[in-house]
Amino acid sequence: MALRSNIFIRRAEREDLDTVVEWMEDPDFQLFLYGDVTRSQRQIREQIVGLLGRAPGHTMPAAFQLILDSETDGPVGLVLLQNVSWRNRACSLDVYVGQKNLRKGIVIGLAFYRIMEYCFDELNLHRVSAYIYSFNSPSWRIMERSNAKRELTLKDHVVRNGQLHDMYGYGLLKREFDELRENLTGRMEGKSLIEMIDALHAKEEEAGA
Amino acid sequence: MIFGEHCVIRAAEPDDAPALKRVYHPGKPRAATLDRRREPILPTTDELRELLGNKDVKLLGEYYAVEDATGEIRGFCCLRAGRQDVFFGEMLLMFIEDADLGTGMAGETFAFLKHKAFMERRLNKIVAQCLDTETDLRVFLVQQGFQSDGVAREVLYTLGRWFDNETLSLFASQHEDA
Numbered sequence: 005m006a007l008r009s010n011i012f013i014r015r016a017e018r019e020d021l022d023t024v025v026e027w028m029e030d031p032d033f034q035l036f037l038y039g040d041v042t043r044s045q046r047q048i049r050e051q052i053v054g055l056l057g058r059a060p061g062h063t064m065p066a067a068f069q070l071i072l073d074s075e076t077d078g079p080v081g082l083v084l085l086q087n088v089s090w091r092n093r094a095c096s097l098d099v100y101v102g103q104k105n106l107r108k109g110i111v112i113g114l115a116f117y118r119i120m121e122y123c124f125d126e127l128n129l130h131r132v133s134a135y136i137y138s139f140n141s142p143s144w145r146i147m148e149r150s151n152a153k154r155e156l157t158l159k160d161h162v163v164r165n166g167q168l169h170d171m172y173g174y175g176l177l178k179r180e181f182d183e184l185r186e187n188l189t190g191r192m193e194g195k196s197l198i199e200m201i202d203a204l205h206a207k208e209e210e211a212g213a
Numbered sequence: 215m216i217f218g219e220h221c222v223i224r225a226a227e228p229d230d231a232p233a234l235k236r237v238y239h240p241g242k243p244r245a246a247t248l249d250r251r252r253e254p255i256l257p258t259t260d261e262l263r264e265l266l267g268n269k270d271v272k273l274l275g276e277y278y279a280v281e282d283a284t285g286e287i288r289g290f291c292c293l294r295a296g297r298q299d300v301f302f303g304e305m306l307l308m309f310i311e312d313a314d315l316g317t318g319m320a321g322e323t324f325a326f327l328k329h330k331a332f333m334e335r336r337l338n339k340i341v342a343q344c345l346d347t348e349t350d351l352r353v354f355l356v357q358q359g360f361q362s363d364g365v366a367r368e369v370l371y372t373l374g375r376w377f378d379n380e381t382l383s384l385f386a387s388q389h390e391d392a
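Chains as they are written, first to last, in the working numbering: chain A, 5 to 213; chain B, 215 to 392.
Read the hints as simulated data drawn from the structure, not as lab findings.
Hints are not guaranteed to be accurate.
[Unchecked claim] What the simulated footprint calls covered on chain A by chain B, stretch by stretch (three residues with Cβ under 8 angstroms from a Cβ of chain B suffice, anywhere in the stretch; the number is not a length):
#1 20-28
#2 87-96
#3 117-130
#4 142-156
[Unchecked claim] Heads up, incomplete: computed chain A residues facing chain B, CB under 10 angstroms, no partners named:
#5 64
#6 66
#7 168
#8 173
#9 175
[Unchecked claim] Over 10 angstroms on every C-beta distance to chain A, these chain B residues come out as not near it, computed from the model:
#10 217
#11 222
#12 233
#13 238
#14 250
#15 263
#16 286
#17 310
#18 321
#19 325
#20 329
#21 335
#22 352
#23 353
Where a beta carbon is used, it is the ideal one built from N, C-alpha and C, also for glycine.
Required output: the full structure, derived from the provided sequences and hints.
Pasting the structure below:
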């Protein structure tokens, strides 16, 4: 049975700023991603403003900001590919899903699959890393289902709500993602990144006609 | 300035830049000299001079020079522990010659960093990194009580091959002096 989702990935635009700031005010954003208590909301906002829509197409950026968008629900999440090393062909990944009901579902699994396709097939990366707190089990389960390996267990590494928590370091190599792709042959029919792009172009042309 | 039996440890100064440059050897990658993207950097002496005089860098973690009995700089060390919401520090231990890791100098340098981390900063743990080729450093860390947190695979490409990067930790509670 083919998997279905209407989520697509696009570059973040300046128009996304209000949505992104709204997500940043969600306590979960601080809990799961950027919990540096020394940074003010203003500092985070300035950083996001600086990031959105800055990199011109001809440069080799050190980070990519992508939006998980949906035809029915609008923007649902933020994808940050950071510390991109063109030499090591590697990057680190942060994903935030604003809609709580989508966090554990197959929808995000498919979106994650497309992000990995973008990393390995378009950016020609060799490795994607992700650091995930141990209490964020939906996120690390997606990594494990994607064939990523839990390479690091950093014990008592981060403080949240006054308690020390472990942090896991995951690594997904291109050859491991290719293995997953082989195993999913058939199920991902019509849902790959390139098919998503084709469908979006077709819709834009239809709208313009 | 710390006067040990085997070495003298003092805050590094801009004039120590030529010695620090020897640590950044292009044919000998070290985890401690990679940037946050795990890329090897080859700074100029001027850049290192600037680094050693930079107040912001000192706030994050000051560099210390390790001199032998003759006054020659044998290496550098640093404890990075800048942010307030973390309770660990990252230790950089960089001897120009790996053989020095087997001497009393390395032991005294580590004792200095350990005291700084656990007694002065009251940190929960010290984290250290080493590439798969840094076997002398790994042996030294394990001898000091560090335990492996795991290995990130194929993180660095240089000298025509991939390098793995291991993270090791030492907790304050594990240590007798803490």
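Now the hints, each set against the structure:
1. 20-28: This one is violated; 0 residues, fewer than the three required, reach chain B with a Cβ under 8 angstroms.
2. 87-96: holds (count 7)
3. 117-130: Coverage by chain B is violated for the stretch 117-130 of chain A (1 residues, Cβ < 8 angstroms).
4. 142-156: Coverage by chain B holds here, the residue count being 4 at a Cβ distance below 8 angstroms.
5. 64: Because about 12 angstroms separates residue 64(A) from the closest Cβ in chain B, which is outside the 10 angstroms limit, the hint is violated.
6. 66: holds, 7 angstroms
7. 168: holds, 7 angstroms
8. 173: holds, 6 angstroms
9. 175: At 6 angstroms from the nearest chain B Cβ, residue 175(A) passes the 10 angstroms test, so the hint holds.
10. 217: Check passes; 35 angstroms lies beyond 10 angstroms.
11. 222: holds, 34 angstroms
12. 233: holds, 27 angstroms
13. 238: holds, 16 angstroms
14. 250: violated, 6 angstroms
15. 263: Correct as stated: the minimum Cβ-Cβ distance to chain A is 25 angstroms, above 10 angstroms.
16. 286: Fine: 34 angstroms to the nearest Cβ keeps residue 286(B) off the interface.
17. 310: holds, 25 angstroms
18. 321: The claim stands: residue 321(B) keeps its Cβ more than 10 angstroms from every Cβ of chain A (closest is about 25 angstroms).
19. 325: The assertion about residue 325(B) holds, with a minimum of 23 angstroms to chain A.
20. 329: holds, 21 angstroms
21. 335: Given that every Cβ of chain A is farther than 10 angstroms from that of residue 335(B), nearest at about 15 angstroms, it holds.
22. 352: About 15 angstroms separates residue 352(B) from the closest Cβ of chain A, which puts it past 10 angstroms; holds.
23. 353: At roughly 20 angstroms from the nearest Cβ of chain A, residue 353(B) sits farther out than 10 angstroms, so the non-interface label holds.
In terms of the numbered hints stated before, the structure departs from hints 1, 3, 5 and 14, listed from lowest to highest.
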